[in-house]
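Undergrad: Quick mapping for you: the protein sequence lines, in order, are chains A and B.
When the letters of the first sequence are read in order and numbered with this note's numbering, they come out as residues 1 to 112.
When the letters of the second sequence are read in order and numbered with this note's numbering, they come out as residues 1 to 113.
Some hints here could point you the wrong way.
Just a few of them, taken from the derived set where beta-carbon distance is under 10 Å, the chain A residues facing chain B [claimed, not checked]:
1. 12
2. 16
3. 43
4. 87
5. 88
6. 91
7. 105
Negatives, chain B to chain A, calculated, CB over 12 Å [stated by the list, open to error]:
8. 17
9. 65
10. 68
Calculated directly from the structure, the hints in this document are not laboratory data.
Backbone N, C-alpha and C fix where the C-beta goes; we use that ideal spot for every residue, glycine too.
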Amino acid sequence: SQTIHQWPATLVQPVGSPLSLECTVEGTSNPNLYWYRQAAGRGLQLLFYSVGIGQISSEVPQNLSASRPQDRQFILSSKKLLLSDSGFYLCAFDSGSTDTQYFGPGTRLTVL
Amino acid sequence: GDSVTQMEGPVTLSEEAFLTINCTYTATGYPSLFWYVQYPGEGLQLLLKATKADDKGSNKGFEATYRKETTSFHLEKGSVQVSDSAVYFCALSLSGGSYIPTFGRGTSLIVHP
Chain A
1 SQTIHQWPAT
11 LVQPVGSPLS
21 LECTVEGTSN
31 PNLYWYRQAA
41 GRGLQLLFYS
51 VGIGQISSEV
61 PQNLSASRPQ
71 DRQFILSSKK
81 LLLSDSGFYL
91 CAFDSGSTDT
101 QYFGPGTRLT
111 VL
Chain B
1 GDSVTQMEGP
11 VTLSEEAFLT
21 INCTYTATGY
31 PSLFWYVQYP
41 GEGLQLLLKA
51 TKADDKGSNK
61 GFEATYRKET
71 TSFHLEKGSV
81 QVSDSAVYFC
91 ALSLSGGSYI
101 PTFGRGTSLI
111 VHP
């Protein structure tokens, strides 16, 4: 069966520190991968998506970046966090043919 | 461009009340339509979907019918429970290629005992 993992579950980081969030998918090949952010009480904001290894599209210019070093691994990074980076980060995937998106459990990031 | 519009929340109901959350869409082509649910502190999970006009998706007592003539996909449940308290997202997607799903802003549902 298809599963998706994200870690860490929660993270508290000081302003200016680096960030690395990891997402891995199991049970499917060549998935489309997505990073979303939810600010408190708001909807989903698409940050990045990837249709293949090394292929990253950015939807919102900011101090975050994403990488896909392996087919089923998606990493969200920052060199220097801002207060405005706080939020709930969700990784998701779909297989393209079924349209349904499957979401990870999320990472709660607090930047102080 | 494609878009999904949901009713503003929060929707506050008493247990066993009838629920409707409105969702309308605009899309080029013939999308699949989805309702996702997000419980507090968790990721989204698929609640139900419909892939063509007049299809009815259903799950856990929730239903939604794909209405092409009114471009709508309203979510309904006959008798809500406290455990249904969550945020509900309507979404659309076009199959094939690298189409990115379009989500509504979400509607918070609060059910009181």
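Undergrad: Please verify that hint: residue 88 of chain A, Cβ, nearest Cβ of chain B, below 10 Å or not.
TA: holds (8 Å)
Undergrad: Take the shortest C-beta to C-beta distance between residue 87 of chain A and chain B; is it under 10 Å?
TA: Residue 87 of chain A check fails; min Cβ-Cβ to chain B is 13 Å, beyond 10 Å.
Undergrad: Is the interface hint satisfied for residue 91 of chain A? The criterion is a beta-carbon contact with chain B at less than 10 Å.
TA: holds (8 Å)
Undergrad: Does the nearest C-beta of chain B fall within a distance shorter than 10 Å of the C-beta of residue 12 of chain A?
TA: violated (16 Å)
Undergrad: Have a go at the residue 43 of chain A hint: is there a Cβ in chain B nearer than 10 Å to its own Cβ?
TA: With Cβ-Cβ at 4 Å, under 10 Å, it holds.
Undergrad: Quick check for students: does the CB of residue 17 of chain B sit more than 12 Å from each CB in chain A?
TA: Given that every Cβ of chain A is farther than 12 Å from that of residue 17 of chain B, nearest at about 23 Å, it holds.
Undergrad: Hint residue 105 of chain A vs chain B: min CB-CB distance below 10 Å?
TA: Check passed: Cβ of residue 105 of chain A comes within 5 Å of chain B, closer than 10 Å.
Undergrad: May I ask you to test the interface hint for residue 16 of chain A with respect to chain B, counting a Cβ-Cβ separation under 10 Å as satisfied?
TA: violated (27 Å)
Undergrad: Report holds if the minimum CB distance from residue 68 of chain B to chain A is greater than 12 Å, and violated otherwise.
TA: holds (17 Å)
Undergrad: For residue 65 of chain B, is the shortest CB-to-CB distance to chain A above 12 Å, so the non-interface label stands?
TA: holds (18 Å)
Hint check: violations occur at hints 1, 2 and 4; the rest are consistent with the structure.
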